[in-house]
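One letter stands for each residue in the lines below.
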Amino acid sequence: MKTKILIVEPSEVIVEGLKAVLGKQTRFSLLSPLADLDDIEGKCAALKPDVVIANPTLAPDVATLLRPLYLKTAALVYQYVEPWRLSGFDLAIDIRESAGTIVKHLVELIERKSEQNVSKKITNYDLTKRETAVLIEVAKGLTNKEIADKMNVSVHTVISHRKNIMHKTGIKSVAGLTVYAMLNNLIEE
Amino acid sequence: MDKILFDKRHRLADVITAYPSLLLTLQRVGIPLGFGDSTIEAVCNKHNVDTDFFLLMCNVQAHNDYVPSIATIKATNMSGLVPYLEASHNYYMTKRLPHIAEHIGRIAQQLPGERVQRAFEAFFQAYQAEIESHFADEEKNVYPYILELQQGRRGNYKIRDFLALHGNLQDKLDDLTQIIFKYLPASVTSDDSIDVVLDILQLSSDLKKHNLIEEKVMVPYVELIEKKVK
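First to last, the protein sequences are chains A and B.
Counted from 1, the first sequence has number 129 at position 129 by the numbering used here; the numbering is strictly sequential.
Counted from 1, the second sequence has number 131 at position 131 by the numbering used here; the numbering is strictly sequential.
Taking lysine to any residue pairs in the SDA-like style, the calculated list, with each CA pair at most 20 Å apart, reads: (1) Lys-172/B with Asn-164/A; (2) Lys-140/A with Lys-172/B; (3) Lys-182/B with Asn-185/A; (4) Lys-74/B with Ile-225/B; (5) Lys-172/A with Phe-181/B; (6) Lys-172/A with Ile-131/B; (7) Lys-140/A with Tyr-183/B; (8) Lys-172/B with Val-174/A.
Derived by calculation from the structure, the hints in this document are not laboratory data.
For reference, chain B alone in the conformation it holds in the complex (with noise of 0.2 Å):
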């Protein structure tokens, strides 16, 4: 499994062309396009980005099933991980959930009845409320405790209790991507509900990638610096 990860000698434009699910990733550590033919180390430094934190980051992103070791997580300089969260966070608040909410808005539209019409929106309004105060509290609670112990102070909080508490935010999406292609009357026109049903589904694997950061890179991170500030 190692042989195929990327490595900083790697052609960024490359990788990108292979994965272009990548871009996101770019963005999240505010690496900006129009970088040639430089390598990963090469663009990594010019915008003081972490080489191995970035590679880590794509590794996670481009492979299914790829979960980085506790030596390489060790290893790696995490200096910039909330900010990628958070950036992460950012882009669902503000770009992607208010663009699929408008395709959700058309679709009810051509919904028979007004009944099922406000049972469709609904749906879509109480996950985004869901999602809203999921992202809220990590941004109250679990991010700024992490960037205190990175400064060495130990707050009041354990993050096993996160991963308690972390619920799945993907199901209701796949939930809606079911009822829109199978279920959904033919006074609908397709083109929307395909759109946003793509659309969807890209949020919904992105999420899920986000899970998985959170899950096995943030939270074994924060325990072995937990144990080193008392």
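Extracted from the complex, chain A is given alone in its bound form (with noise of 0.2 Å):
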């Protein structure tokens, strides 16, 4: 089945040159491009893509607009962006890179099997009390598996605890952590 692909760039040079470059390939059906993100939702429903490659600048924040869609992004790139409007697109089209390169990254975005990037997406910063348990433990100095022992919880679960911690408080080693725990009254000593 052909992956039809809906482009939404106002500049028309932009939009010929990558319905030329996408137009080569078979596998791909390429929608009548829009030149804004006007009732987006609505044409979308009508037009069915299965990936929109948006301009990142057409509105404040495009890639919040388009979540609610449920489908592939990606973000057309030519000029300086601002890495937070890019981080909530599935990937960064870059139209300096050469037609090969472009192509192929979007190919292994629609082979990306699309549950991968909606778990990704932590809309509550707060720790939970689980997490703040495995943090103070984490400061503490315990290893995943005492931690997993002293909370009767699977290795596992602690590993995907100190994912969300680290996701949410971006500190990455324990040293950071141990200045965070402490920094917020979580430990004593």
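Work from the hints to combine the two standalone chains into their complex.
Written as structure tokens, this is what we have:
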């Protein structure tokens, strides 16, 4: 089955160039491009694209706008774009890349399982009670195995908590987490 | 991608204006300021710096995600590589880290409770010790090995081992910036915090480039000459 691609980009030159590159691929089917994001929800419901390639500067937060549509998203980059604008997209396509590279990245995106990107999006950055409990043990210097035994859970669960803690606090090292725990009065000594 | 790379016919002043971080690259190859309107090639010739090598370092430093091809590495005179890396180490150890340490000390004094103060300072001191031993190891084992190879002598080392053990140096620095701007209590004045975060970010991005040069330029280059020198 062909992959339906919708391009949302105001510049005709860029759109034509992208169409020329992607049109050569028989596995892609290009929908009529849009110049803006007006009623993008309604249009996507009608056109049913699999991938939307959009200019990330078209709206204050394009990635968030596209998220409820549950499709794969690629940002079209040809100027400096603030990293936060790109972080919500599944892929960033830099048009200065060669045609082959752009196609390769798109194919990788299409073949990627969609569940992988859904689970990563955390909206609440407060640590849960369990995560706080794990953090305290990590800060005390316990290993994953020791924490698992102490809390009566699997090592896998501890690792998953630790991943969430790292993601939420932005701190990766144990020494850094210890400082964090102290600053938040989570540990005594 | 190749179209936006620097060219030896570019005016050095234009390049530096567009990418001020290249001032560090100048310093590391020993090109002094005051180069007027000369082209890159003219300035390099004047100061006995290999033009292709200088362009390669500039391209890596200025362009994110740029990694030179093996062909480019093969075609470039790399005799300046080890001195370049050593000059980078020297800059981190004698300029940046002591400067950041001073800020960290001042921030620590403003933290509530001696315990937190000690933990905060210890975190940075541990990092400093780690980076120091990382650099010392490279200067003792890796760089002399490369210099010998360049002279046609094969030492007792393999560059592959280097890659296996080469850890990244900026993760802990990134932790530090997160702690400082997200979690420090209000008792700490913002002035020091902002200064130090900006300093750390600059150091962190420069260290990333340093790592990139070692892993994507130095290692492939040494693998090339390892094949030649038996």
